[in-house]
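J.: All chains should be modelled from the sequences, with the hints used to inform the complete structure.
There are 2 protein chains.
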Amino acid sequence: MKTRDRIIEAAAALLDSGGEAAVTLRAVGHACGISHNAPYKHFEDRSALLAAVAIRDCVTLSDSFEKLGKERLKPLAKLEKALQVLSQYGRDYPHRYQLLFSDRDIAMQEGELQRAAMAAFSALAELVGECQAGKVLPRVPTVELAGLLYASVHGLIDLQASGRMKTEKGFKDVRHGITLLLRVLSMGSASTGAK
Amino acid sequence: MKTRDRIIEAAAALLDSGGEAAVTLRAVGHACGISHNAPYKHFEDRSALLAAVAIRDCVTLSDSFEKLGKERLKPLAKLEKALQVLSQYGRDYPHRYQLLFSDRDIAMQEGELQRAAMAAFSALAELVGECQAGKVLPRVPTVELAGLLYASVHGLIDLQASGRMKTEKGFKDVRHGITLLLRVLSMGSASTGAK
DNA sequence: ACCTGAACACCGTTCAAGT
DNA sequence: ACCTGAACACCGTTCAAGT
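Protein sequences appear in the order of chains A and B.
Heads up, the numbering used here is the position in the first sequence plus 29, with the first residue counted as 1.
Heads up, the numbering used here is the position in the second sequence plus 29, with the first residue counted as 1.
Treat each hint with caution, since some may be false.
Copies of the same chain look alike in the list, so a pair counts if it works inside one copy or between any two.
Restricting the straight-line Cα-Cα distance to at most 30 Å, the calculated cross-link-like pairs of lysine-lysine (BS3-like) are [said to hold, decoys possible]:
| # | residue 1 | residue 2 |
| --- | --- | --- |
| 1 | Lys198 | Lys110 |
| 2 | Lys195 | Lys31 |
| 3 | Lys103 | Lys198 |
| 4 | Lys96 | Lys198 |
| 5 | Lys103 | Lys70 |
| 6 | Lys31 | Lys198 |
| 7 | Lys70 | Lys198 |
| 8 | Lys107 | Lys96 |
| 9 | Lys201 | Lys110 |
| 10 | Lys99 | Lys110 |
| 11 | Lys99 | Lys164 |
| 12 | Lys195 | Lys110 |
| 13 | Lys70 | Lys96 |
| 14 | Lys164 | Lys201 |
Hint data in this document are derived by calculation from the structure and do not stem from the laboratory.
T.: This is how it looks when you write it as structure tokens:
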């Protein structure tokens, strides 16, 4: 495995176990058996290294969504499955989720990350469009509905990832929230609703 | 003004202008005309100071929600106004918003912050309940609907605060997203819907 | 009770030097 | 092309000492 990839992997592992603050170049270097400033030969600076971690995960997610689009399932089932993939990622790797979907500095990165993020969104929007065609989601502009749906699910996942998902606030878990969301949304489209 | 409050204010100002990384005890001390370790006489550590900033804002928001509940307006108008107050806060102070509603370490704080956050949520849930009684929101358990609504709006605001609200992804602004959300939700309740 | 200055361990980043 | 060690400026935190 190339040094560059080993550095990314070490950074991801440190991020998972101790949060962003734990991703120090010294710890990364030590985990890879290199000096603390060797990473500078592979990445511009610390922020570029974190971006590389985010890009790797974003590409993985985007691929999952595209694969899901080709499965032979009902549109709504496909959409629900895609959203569960996202929420599973948020549950398993809360720090990486927040880096990819909630971090301000990461969002400023241009280029590769933007492209990967847009690809993921487009794959999701396509699934939403199929649901509308099948009359299981309301007939409002597709991109807008996809954006709103994505924002809502992001809200649920981020609430959990940040440790704010309390039962007193009406939350059981993200999966339950997504199911409720789709049910309430589909109520406004056709007679598919109920229970 | 007490030194303690001046420290909080200085921290909030630094947070607004340069993000969390800019809130160094040295900068805070300098802004207050005291030494860089004087804040330790008022707060346990840096994280407790940040928590104090979050608590102050949370109490302000909670008060706003309570006041809104007493206004003479239609339930849905009250609810929409409350959500706009929240989104306005997110637009004006994105770093403070993310500290209060997206930061992991802040969420771990017990006591005062938890109480303020719960009070804010309860005030919101009450408005949701009024809407359901007025048949403009679907008849699902009130806390669950309030939780879902809060999560969705949080998702919209956080997307904007983190710099991810791109028009290609179907977003105009948070206000527009909230309106769309309430419209789609109310479609599934009674004949109030349409356009 | 509140503040200061010096000190410590830790960090990102730079740079001259090595293979 | 890739790596190292020393150095720099900057942190949070602690502590003895001052009023």
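J.: For this structure, which hints from the list above don't hold up?
T.: The structure conflicts with hints 2, 5, 6, 7 and 13, although it agrees with all the remaining ones.
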